[in-house]
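Listed here are the chains, written in short residue letters.
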Amino acid sequence: MSESSSPGAPCCLQVCRLMRPEDTNIVGNVHGGTILKMIEEAGCIVSTRHCNTQDGDHCVAALARVEKTEFLSPMFIGEVAHVSAEITYTSQRSVEVQAHVVAENILTGAKKLTNKAALWYVPCSLKNVEEIKDVPPITYASPELEEEGRKRYETQKALRQSSNERSDEVVAPPPNPEKHTVGFSQSSLIHLVGPSDCTMNDFVHGGVTMKLMDEVAGIVAARHCNTNIVTACVDAINFHRKIKKGSVVKVQGRMTFTSNRSMEIEVIVEVEPLVEVDKGKYCAVSAFFTFISLDKKNRPLPVPLLKVEGEDEERRFREGNARYLHNKEKRLAERERQQ
Amino acid sequence: MSESSSPGAPCCLQVCRLMRPEDTNIVGNVHGGTILKMIEEAGCIVSTRHCNTQDGDHCVAALARVEKTEFLSPMFIGEVAHVSAEITYTSQRSVEVQAHVVAENILTGAKKLTNKAALWYVPCSLKNVEEIKDVPPITYASPELEEEGRKRYETQKALRQSSNERSDEVVAPPPNPEKHTVGFSQSSLIHLVGPSDCTMNDFVHGGVTMKLMDEVAGIVAARHCNTNIVTACVDAINFHRKIKKGSVVKVQGRMTFTSNRSMEIEVIVEVEPLVEVDKGKYCAVSAFFTFISLDKKNRPLPVPLLKVEGEDEERRFREGNARYLHNKEKRLAERERQQ
Amino acid sequence: MSESSSPGAPCCLQVCRLMRPEDTNIVGNVHGGTILKMIEEAGCIVSTRHCNTQDGDHCVAALARVEKTEFLSPMFIGEVAHVSAEITYTSQRSVEVQAHVVAENILTGAKKLTNKAALWYVPCSLKNVEEIKDVPPITYASPELEEEGRKRYETQKALRQSSNERSDEVVAPPPNPEKHTVGFSQSSLIHLVGPSDCTMNDFVHGGVTMKLMDEVAGIVAARHCNTNIVTACVDAINFHRKIKKGSVVKVQGRMTFTSNRSMEIEVIVEVEPLVEVDKGKYCAVSAFFTFISLDKKNRPLPVPLLKVEGEDEERRFREGNARYLHNKEKRLAERERQQ
Numbered sequence: 094m095s096e097s098s099s100p101g102a103p104c105c106l107q108v109c110r111l112m113r114p115e116d117t118n119i120v121g122n123v124h125g126g127t128i129l130k131m132i133e134e135a136g137c138i139v140s141t142r143h144c145n146t147q148d149g150d151h152c153v154a155a156l157a158r159v160e161k162t163e164f165l166s167p168m169f170i171g172e173v174a175h176v177s178a179e180i181t182y183t184s185q186r187s188v189e190v191q192a193h194v195v196a197e198n199i200l201t202g203a204k205k206l207t208n209k210a211a212l213w214y215v216p217c218s219l220k221n222v223e224e225i226k227d228v229p230p231i232t233y234a235s236p237e238l239e240e241e242g243r244k245r246y247e248t249q250k251a252l253r254q255s256s257n258e259r260s261d262e263v264v265a266p267p268p269n270p271e272k273h274t275v276g277f278s279q280s281s282l283i284h285l286v287g288p289s290d291c292t293m294n295d296f297v298h299g300g301v302t303m304k305l306m307d308e309v310a311g312i313v314a315a316r317h318c319n320t321n322i323v324t325a326c327v328d329a330i331n332f333h334r335k336i337k338k339g340s341v342v343k344v345q346g347r348m349t350f351t352s353n354r355s356m357e358i359e360v361i362v363e364v365e366p367l368v369e370v371d372k373g374k375y376c377a378v379s380a381f382f383t384f385i386s387l388d389k390k391n392r393p394l395p396v397p398l399l400k401v402e403g404e405d406e407e408r409r410f411r412e413g414n415a416r417y418l419h420n421k422e423k424r425l426a427e428r429e430r431q432q
Numbered sequence: 094m095s096e097s098s099s100p101g102a103p104c105c106l107q108v109c110r111l112m113r114p115e116d117t118n119i120v121g122n123v124h125g126g127t128i129l130k131m132i133e134e135a136g137c138i139v140s141t142r143h144c145n146t147q148d149g150d151h152c153v154a155a156l157a158r159v160e161k162t163e164f165l166s167p168m169f170i171g172e173v174a175h176v177s178a179e180i181t182y183t184s185q186r187s188v189e190v191q192a193h194v195v196a197e198n199i200l201t202g203a204k205k206l207t208n209k210a211a212l213w214y215v216p217c218s219l220k221n222v223e224e225i226k227d228v229p230p231i232t233y234a235s236p237e238l239e240e241e242g243r244k245r246y247e248t249q250k251a252l253r254q255s256s257n258e259r260s261d262e263v264v265a266p267p268p269n270p271e272k273h274t275v276g277f278s279q280s281s282l283i284h285l286v287g288p289s290d291c292t293m294n295d296f297v298h299g300g301v302t303m304k305l306m307d308e309v310a311g312i313v314a315a316r317h318c319n320t321n322i323v324t325a326c327v328d329a330i331n332f333h334r335k336i337k338k339g340s341v342v343k344v345q346g347r348m349t350f351t352s353n354r355s356m357e358i359e360v361i362v363e364v365e366p367l368v369e370v371d372k373g374k375y376c377a378v379s380a381f382f383t384f385i386s387l388d389k390k391n392r393p394l395p396v397p398l399l400k401v402e403g404e405d406e407e408r409r410f411r412e413g414n415a416r417y418l419h420n421k422e423k424r425l426a427e428r429e430r431q432q
Numbered sequence: 094m095s096e097s098s099s100p101g102a103p104c105c106l107q108v109c110r111l112m113r114p115e116d117t118n119i120v121g122n123v124h125g126g127t128i129l130k131m132i133e134e135a136g137c138i139v140s141t142r143h144c145n146t147q148d149g150d151h152c153v154a155a156l157a158r159v160e161k162t163e164f165l166s167p168m169f170i171g172e173v174a175h176v177s178a179e180i181t182y183t184s185q186r187s188v189e190v191q192a193h194v195v196a197e198n199i200l201t202g203a204k205k206l207t208n209k210a211a212l213w214y215v216p217c218s219l220k221n222v223e224e225i226k227d228v229p230p231i232t233y234a235s236p237e238l239e240e241e242g243r244k245r246y247e248t249q250k251a252l253r254q255s256s257n258e259r260s261d262e263v264v265a266p267p268p269n270p271e272k273h274t275v276g277f278s279q280s281s282l283i284h285l286v287g288p289s290d291c292t293m294n295d296f297v298h299g300g301v302t303m304k305l306m307d308e309v310a311g312i313v314a315a316r317h318c319n320t321n322i323v324t325a326c327v328d329a330i331n332f333h334r335k336i337k338k339g340s341v342v343k344v345q346g347r348m349t350f351t352s353n354r355s356m357e358i359e360v361i362v363e364v365e366p367l368v369e370v371d372k373g374k375y376c377a378v379s380a381f382f383t384f385i386s387l388d389k390k391n392r393p394l395p396v397p398l399l400k401v402e403g404e405d406e407e408r409r410f411r412e413g414n415a416r417y418l419h420n421k422e423k424r425l426a427e428r429e430r431q432q
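From first to last, the protein sequence lines stand for chains A, B and C.
Using my numbering, you'd call the opening residue of the first sequence number 94 and step up by one each time.
Using my numbering, you'd call the opening residue of the second sequence number 94 and step up by one each time.
Using my numbering, you'd call the opening residue of the third sequence number 94 and step up by one each time.
It is possible that some hints are incorrect.
Copies of one chain are not kept apart here, so a pair can be met inside one copy or by any two copies together.
[Claimed, not checked] Computed list of lysine-lysine pairs in DSS-like fashion (alpha-carbon distance at most 25 angstroms, straight line):
id : residue 1 : residue 2
1  : 244       : 421
2  : 250       : 335
3  : 220       : 204
4  : 338       : 220
5  : 374       : 226
6  : 337       : 421
7  : 244       : 372
8  : 389       : 372
Just so you know, these hints were derived from the structure itself, not from any lab.
Full structure from sequences and hints, please.
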C-alpha cells in the first residue's frame, strides 16, 4: 500500500462499519437511529477539522440542525454502512455538511443508496462552550454552487428561528388505555448521559440524542402495529440547547397521526441536570418521525387508524395530516420535475 | 408502590428499554443481571436527584444494599422492560427506593410483572467520595407509611451491620473435576473497570457489579445442568466497599446447594486496585443466586444433585439447604396470609 | 455531493472513527487493542467482500494470522483513527490484507502514522464453518508485486505450520508474591462471548480476541511498573482454532522478560465451551506483547527488572532476551538499508 495515500480531502470523510446485532431490531433491520448517529459522527469530524484550520482557540462543532431525512431502503445486519460526508457550504458561523449512506451487502456485492442528509454545525470554543467561533470559508467549484448554498443557508436560518422550543407538555396516559389510542402506544426512555455520549467539551453528540429519539419512536410504532416497523422519514430537527454531561435525558414519544401506510410520531427530549438541580428541566429537542409497517418480505402493510380523543389529540392529528399531504404533494412535484 | 404513581413526581421515575440480543442468553431469555442493572440505574437517578434538592455540595447516590429479589416470570428478547422506581423512605443518611418491573410484549400487548425490588442508597459528596451527606426528608401520605418505612430501615440496618465482609476464600478446583461436583462448574469472570461502568464520581455503579455477578452465576448453573437456565432469586446484597475506577474485578461463582428444581450459587466479588497496589485485594460484595433449569417450553426441569466433597462443601450444602427450607416456609406462610 | 462516488475500489477500504473514553486508558492513550480491532474489522470486510465475488456458497473471512505489528507513535482520545486496508496477495485459499493506521488530531490538523499491519484471512463457508472456500485471484500491478506476495505467503505458511498450539500451562501465582516477580503482575481476564463479538457464522472476530489480549497485557505491565504504559509491539499471532459463540474465554498474561525500557508479556487465550462440555478446554491463541512505560510527557521511562524464580521463568527470560536482541538487530539492519 502506498505510504502517500492520504485520509481523504480535508472537506470530505468516508466512514464505514459492519452492522452488528445491537444495531438492528429483532428481524435484522438496522435502526434509523444507528444510521443518523453514524452520519452525525462523520459530520462532526469533518466540520471540527475544518473549523480548526485557522488560528485562534480550538473548537468542536456542535450539531445545530438536521434537515428532513428520508430512508429510501432498509439496511440489514451483516451489511456494511458507508457514510460519505462533505462540507458543501459555510456561512460566517455555521457549516453545512451533506452526507449520503450506501448499504453494501458484502456477500452478494449489492449496493443501494439508503439515505441522504444535510446537517448544520456551529463551532463552539473548547474553552467556553457558549462562545461561537468564526468559520473559515471554503472554496466553491462554481459561483452557482455558492449561491445555491447561500439560499439553503437563508432558508434553514428562517426556519430555525421560527421553530420555537416546545411548551406542549406530554401528559401521562390514562391507566388502562384502549388499543390504538394515543395513550396506548405512548412511551418513554430515560438515559443517564455517560462519558461515551459526549464530545471533547462535555456535551452530548447530536447523534446520540437522535438515536434515542428513533428508538422511542420505534417502540411507539411497534406498540401501535404489533409488526416489524422501520423508520421511513425524520422531519427537520433543531437543536436549541446543548445537553451537558451529568444530565438525565427523558425521551418521550406519542403517535400524532396515521395514514393508510404510515405513522407519525412526535418525539420530545426533556433534559434534567442530575446534580445542578436548580437549573431545572428544559426541552432540548423535538421532532416528528414517520414509520412504516413491513411484512416478512419487507413489503409495506396497512396501519391501524389512530383513535384520537379530546381536542389536543384531534388538533395534532389534523396538523399531522396537513404535514402528510404537504409531503405527498412535494414528492409528486419532484417526481414530475425529474421526468 | 402505587400503580397510579405518575412518572412526573420528583420522587418517581419510569424507565423503559427494548430488550436486545446482548441482554439475553442464547435462547432469548433476558438475563436477571440486565434487569438488576436497569433497576439500579433508575434507583441511582431518583435518589441522586432527591439528595441534590437542598443546599450544600453536590452528591451522587451510591448503592448500599439490595433486598432479596425474586424473578417472578421470564422476560424475552424483543419485549420492553418497564422499570418504575419510587423513593419510599428516607433516614438521615440513606434513601429507600422501591422498584417494580413489568415486561411488555409489544407484539401481543401482553404485560406481566417480572419482579419487585427494594434498594438502599447513600449520598456521597462529589468532592470527596468518602463523605456521606444528609438526606432531605420526604413527605409521607400517612403516618403509618412513615412508621412502616422506619421499621424496614431498622431491620436492614441491623442485617447490614451483622453481615460481615467474607473471608472464606474460593480455592481453585482440582485439575480434572468429575461431573456435577462443585469444582466442575466453578467459574470466574475478570473485568477491567472502564469509564462506562462508573458514576460521575468515579466508582462503579452497583448495577454493573450485579450484572457481572448474575453472569458468572449463570455460567456455573449452565455448566452444572447443560440446559437453558434462568435467575429465579437473588438474596439480599450488601455493598460494603466502593469499587473505584482503574480496578480489576474478579467475580467468582461456585455452586453450594441443589434442590430438586433449583441451584444455589455463591458469588464473591474480589477487587484489586490496578495502580494503588499497596491497598491490596479486598472482597467488595458477595451474594447467593438461585437459578432454575427450563425446557424448551420454559417449564422447570429437574436439576442434577450436586456432589459435595470434603467438610467445607458439606457445610455449605447444609447451610444452603437451611436457606432453601426457610424460604420455602416463608413463601407458604405468605401465600396463606394472602388467602 | 456526486451520486456516483463509490464506497471505494473493491480491494480497498478506508475506515475511520473518533477515539472515545472507552478506547483509552486513564491518561487518554488509545489502547493498542482498540487499533488492532479496527484493523481486523477492516480486513474482515475487504476480504469477505472479495471472496464472495465468484459463484458458489457465501463465505465469511476468518482471521488466520497477523504479522508482527509495531506501534510507532501513541494515539490519543479525541483523535480520529483512519485505517486503510488493501488486499495485496491471494493464494488459492488465503487472502493477505495490508493495513496502515494514521492518527489525525482534528484540532491541530497534525497527522502521524501509528502503525502498519499485515493480516491473513481464510474464507469459511456460511453453511459449514469448517469448510474453506477457494479465493478468486486478484490482478497485480506488476509481476514483481505478485512474486513478492508469493514469498510472503510461503514464509508465513512455514512459520504458521511450525508454530504449535501451546501446551505450556500458566500456573497460579504463589499467595503473596514479592514485587517485580512474575507472580506479582500475572493477570487474567475472563469473558463470556456475546452476540456482538461474533461474525455472521457465529465465531468470534479475531479483533475481539486481540483486544482482550492487549487489555490483559496492559494490566500485567501496569502492575509491574505502576506507571502509564502503552503497547509498543505485538509479535506475529496465529489463530489455530475458531472460538464459537457460547464459549468462555480466559485470557492469561504473564511477564517473561524486561529490558531497560521494555517489558515482554506472554498472553495465552484458553477457551472452554459452555454447553458442549465434552469438547473440553483448548488453547486458541497465544502471543508476545511488548509494552513500554511513559512519563507524563510521553517519554519512555526505565522499567524495573523482572525478578525470575525457578527454571521455567529463567528459560522464558532467556528466550525473551533472545527475541529482544534479534528484533534490535533487525531494526538496526533495516535502518542501515534505508540510509
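Notebook entry, point to check: Using 25 angstroms as the alpha-carbon threshold, which applies to residue 244 and residue 421: within, between, both, or neither?
Noted result: Within one copy, since 23 angstroms is at most 25 angstroms while 61 angstroms is not.
Notebook entry, point to check: What label fits residue 389 with residue 372 when the C-alpha limit is 25 angstroms: within, between, both, or neither?
Noted result: Cα proximity of residue 389 and residue 372: across copies only (23 angstroms, versus 48 angstroms in one copy).
Item checked: Status of residue 421 relative to residue 337 across identical chains (alpha carbons, at most 25 angstroms) -> Classified as neither; 38 angstroms inside a copy, 39 angstroms across copies.
Next item on the list: Go through the copies and call it for residue 220 and residue 204: within, between, both or neither, with a Cα cutoff of 25 angstroms.
Entry: between (43 angstroms within a copy, 23 angstroms between copies)
Notebook entry, point to check: Which holds for residue 374 with residue 226 at a C-alpha limit of 25 angstroms: within a copy, between copies, both or neither?
Noted result: between (28 angstroms within a copy, 24 angstroms between copies)
Note to self: Please sort residue 244 with residue 372 into within, between, both or neither, judging by C-alpha distance up to 25 angstroms.
What the structure shows: neither (37 angstroms within a copy, 36 angstroms between copies)
Next item on the list: Please work out whether the CA atoms of residue 338 and residue 220 approach to 25 angstroms or closer within one copy, between two copies, in both situations, or in neither?
Entry: Classified as both: same-chain Cα gap 16 angstroms, cross-chain 17 angstroms, threshold 25 angstroms.
Check: How would you classify residue 250 and residue 335 at a CA-CA limit of 25 angstroms: within, between, both, or neither?
Finding: For residue 250 and residue 335, the Cα distance is within 25 angstroms only inside one copy (18 angstroms; across copies 42 angstroms).
Checked against the numbered hints given earlier, this structure breaks hints 6 and 7; the rest are met.
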